[in-house]
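**Student:** Heads up: the sequence lines are chains B and S, in that order. Here our numbering = 1-based position in the first sequence + 1220. Here our numbering = 1-based position in the second sequence + 44.
Derived from the structure by calculation, the hints contain no laboratory data. Incorrect hints may appear among the rest.
[As the list claims (entries may be wrong)] With beta-carbon atoms standing in for the labels, derived distance ranges:
#, chain 1, residue 1, chain 2, residue 2, range
1, S, 104, B, 1266, 23 to 29 angstroms
2, S, 101, B, 1236, 52 to 58 angstroms
3, S, 114, B, 1588, 54 to 60 angstroms
[To be verified] Chain S is faced by these chain B residues, among others (derived, beta-carbon under 7 angstroms):
#, residue
4, 1575
5, 1586
6, 1604
7, 1605
8, 1609
9, 1631
10, 1635
[Stated by the list, open to error] Facing chain B, a subset of chain S residues (Cβ under 10 angstroms, in silico):
#, residue
11, 92
12, 94
13, 98
14, 325
15, 431
16, 448
17, 451
18, 462
19, 464
All figures in this text were calculated on a predicted structure; none of them were measured in a lab. Just so it is clear, CB atoms sit at the ideal spot from N, CA and C, and this is done for glycine as well.
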Amino acid sequence: MTTIIDTSIYSEAFDNVLNQKALSEGILQKKQKALQQFEQLGIPNMKNEEWKNTYLAKYLKKGFQPGLVKKDLSKTETIAEILPSLTENINRIVIIDGLFSQELSQIHPSIQYNIFSTSHCWSEDIQNANQIFSSLTDEKKQSLTSLNTALSQDGVFIEVVEGGSAHVELLIVQTGSDIISMPRNIIQVGKNAYLNIAEQHILIEGHSMTNMVAEIVMEENAKIEWVKIQDAGDQYHLIDSSYVSQKENSRYHCTTLSLTGDLLRNQQYIQIAGEQAHADLGGIYILENQQQADNIIVIEHQVPNTTSNQLYKGILDGSSTGVFNGKIIVVEDAQKTDAYQSNKNILLSDDAAVFTRPQLEIYADDVKCSHGATSSQIEDYESFYLRSRGIGKELSKALLMFAFVADVVEEIENTTLKEWVKSRISTKLKIDL
Amino acid sequence: MSDQNQILEDLSTSDYKYGFVTNIEQEFAPKGLSEDIVRFISTKKEEPEWMLEWRLKAFREWQKMEEPEWANVHFPKIDFQDIIYYAAPKVKKELNSLDEVDPELLKTFEKLGISLEEQKRLSGVAMDIVVDSVSVKTTFQKTLKEKGIIFCSMSDAIKNHPDLVKKYIGTVVPIKDNFFAALNSAVFSDGSFCYIPKGIKCPMELSTYFRINAAGSGQFERTLLVVDEGGYASYLEGCTAPQRDENQLHAAVVELVAMDDAEIKYSTVQNWYPGDKDGKGGVYNFVTKRGMCKGKNSKISWTQVETGSAITWKYPSCILAGDNSIGEFYSVAVTNHFQQADTGTKMIHIGKNTKSRIVSKGISIGKSQNTYRGLVKVHKKAENARNFSQCDSLLMGNRCGAHTFPYIEVDNRSAKVEHEATTSKISEDILFYCQQRGIDSEQAVAMIVNGFCKEVMDNLPMEFAVEARKLLNISLEGSVG
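Here chain B stands alone, though its shape is the one from the complex (with noise of 0.2 angstroms):
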């Protein structure tokens, strides 16, 4: 179950990256070091603490190569049309196999806010994103995200300005090549700036993979609301990364939502270090088949005065597989620190696992942290009291999985986001509301 994987095919792919466009003297060091240290930790296998229950090797033999992503403009009318109808004042996004789609991104020109493509940063030399860039990922290490950072082709950089807002929908889409997509995005909330992505995956045809990786930078008083939708349908792979940064009183909120996929992995590490700052996670994965998801997060409380809570519940059917790592750090001196962390997991079937691992590592006494986690099954008494009330077997069992997870959506302020979560659930569980 140790499969090493060759990583020499990534070098190759390095050369191939490189040769395409001129990139400033900054970013191609910072994307050779990122070579180097991915070569150094190689494709990680379950000896890992953190890959443990996770087999990658068995999802990268399917065939997934890196290499270079050529522009495909005869696709673009098909891809037209599947996706989801426009909305009125909100800037649509749509990265095609890791590269920014220019003719199917529509963003409306304001002075609150600048939406370039990574990629233009960096032939440009736009100074915000090339600074972030690579700055909030390199020590933390992690293998896939060190290949996304030398690798990485394009993506998007989303700037909101002071007092600015942005509303955004985020459409990754997937063409169904061999190729794994790595798209790169930069995210800057600046002082008393507030942003909100809606992001979905969406794959046209066979199988995909994408190691995608976001490093987000939050000024004081910044806001984040991000709803990561992710239901592309069991033929996709997505190993997502989130880098935060949190500056006095920001707030971040992100919740997912994995409904389809056979590999669902999302890792955020979110450093707050500003006072009375706050992260808020949340995630709801509903599973069936062969489906796994993974939910990897670190916070690290870096000062004193800072909250962050997390709330993961999971519905295992099949021969799905949930795993939760969450981890709470809390520094030296962090004191006042309040953090939850909380995992809670339905199975239906004999087949399905839960593997979670609720983590507290705490360096300060004046704290409050606290951890919690579940595994059960739906009741009998649960489903009977609904179903003595003359509900039918099925949808008590779905009535039930709702409210298990209901309280996650609950979490989400706007109103837009949170009808649009309850909607999906709701079609997932074949209920009408």
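Since chain B is already given, all that's left is putting chain S on it; use the hints.
**Tutor:** Same frame as chain B, now just chain S:
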């Protein structure tokens, strides 16, 4: 607040009370470890051929292994060639009464507050006293013998009950299990062996007092406890070690086997030398403890109070293989000064309707690090498994750490697994509440800590509970009036 600081100050500077050295003549093996040393130990102990083979097999496995580094503890690398693997007091003839025991040794026990006579007369506790790895005196053998209970040192067991030892040794902790278990299997010097036959409820608490004595000698105990169908045994293990500058390594293995309807209660009070307040010296305690609930309706319960050792690395576990079997783990770990503890449990649910309960309380003081690490695993076939885990940490002082790493792996939908943990300091509100009612802050802290640990303390056998409270008080010295 200043009162409280004073208490913390007192409490984190109080010294280890049980540090003294007994001067008894010792017989040493040369330093270092090789096949020859393993043979030397085996010959010294007049062991049969199969035992030597078993040791050598373990030694060869050990050579292939690497020292594990995953635990959340930090210490200079151990030079395994700089340890004396065998040290025995030069007591050649068999002892019949306490008068024949070295008076120095008896004094040692008196200092520890466990006068042997008193123990014999008042508490009716059978003591298998181990000083530096070799059994010196076994009492109450006769009473036990009448019931058919075998309670003797491991070396006697190898000589007199080879079939039983051969049948069970290494079945719960295989020689390849881990680095320290393999090392122990190769060089274990002595330990206790106990066999409770079918349907026998052991009428008294079985107890062993371990002491590490000679400087630079590691102690490698091997304990094997087998309770046959319908039997019951309660076993007490307690430790104190004299003050030394040199780090001492302790890598014990404890194996428990419970057959159908059998019950084992294993209680430990561990108070080895934790090093002085600058973190110098102290015992390294790397122990493999595991119980196997082999039969139906069997039960194994671990209770531990850990206040000593510079480094504790220990996970008393239960393999719940029999249907309806029950595993329990109750633990209090107190760390002070520069102590590091990485402790917890594993509950492996294999049989149907198995239950487990984990209650772990960690108290960190001074600059110490206290870690709970546990695993609850429910196998696919373990229908209706039930687990409840609770791990609470109390932090006293702003330079200590409390960490929790629980692993929960569930492969069966009918399992109900709950885990909860909290970390906090003694809240101002609670202290204020006590003070407002005329209890000074020192007493208040003691009360709160005692309350915090109560659930675990209540699970100790009465004979031990007194000693455990005494130890807790020493650890919290300055706060108890």
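**Student:** Compare the structure with each hint and give your call.
**Tutor:** Hint by hint, here is what the structure shows:
The beta-carbon spacing between residue 104/S and residue 1266/B, approximately 27 angstroms, falls within the hinted interval of 23 to 29 angstroms. For residue 101/S and residue 1236/B, the hinted distance range of 52 to 58 angstroms is satisfied, since their beta carbons lie about 53 angstroms from each other. Taken as a hint, the range 54 to 60 angstroms is violated for the pair residue 114/S and residue 1588/B, whose Cβ atoms sit roughly 28 angstroms apart. Proximity of residue 1575/B to chain S holds as hinted, the smallest CB-CB distance being about 5 angstroms (cut-off 7 angstroms).
With a least beta-carbon distance of about 6 angstroms to chain S, the hint placing residue 1586/B at the interface is held under the 7 angstroms criterion. For residue 1604/B, the suggested interface contact is broken, since its CB lies about 17 angstroms from the closest CB of chain S, more than 7 angstroms. A least Cβ separation of about 19 angstroms between residue 1605/B and chain S goes past the 7 angstroms threshold, and the interface hint is therefore violated. Annotation: interface hint on residue 1609/B violated; nearest CB of chain S at approximately 25 angstroms, more than 7 angstroms.
A least Cβ separation of about 20 angstroms between residue 1631/B and chain S goes past the 7 angstroms threshold, and the interface hint is therefore violated. With a least beta-carbon distance of about 33 angstroms to chain S, the hint placing residue 1635/B at the interface is violated under the 7 angstroms criterion. Among the interface hints, the one on residue 92/S is violated; its C-beta lies about 39 angstroms from the nearest C-beta in chain B, farther than the 10 angstroms criterion. About 35 angstroms separates the beta-carbon of residue 94/S from the nearest beta-carbon of chain B, more than 10 angstroms, and the hint is not met.
Hint status for residue 98/S: violated, given a least beta-carbon distance of 30 angstroms to chain B, over 10 angstroms. The beta carbon of residue 325/S comes no nearer than 24 angstroms to any beta carbon in chain B, farther than 10 angstroms, and the hint placing it at the interface is violated. A least Cβ separation of about 9 angstroms between residue 431/S and chain B falls short of the 10 angstroms threshold, and the interface hint therefore holds. The beta carbon of residue 448/S is positioned within 10 angstroms of a beta carbon in chain B (closest approach about 4 angstroms), and the interface hint is therefore held.
The restraint placing residue 451/S at the interface with chain B holds, with a minimum CB-CB distance near 5 angstroms, inside the 10 angstroms limit. Hint status for residue 462/S: holds, given a least beta-carbon distance of 5 angstroms to chain B, under 10 angstroms. A cut of 10 angstroms between beta carbons decides the hint on residue 464/S: the least distance to chain B is about 4 angstroms, and the hint holds.
Of the hints listed earlier, those the structure fails to meet are numbers 3, 6, 7, 8, 9, 10, 11, 12, 13, 14, in rising order.
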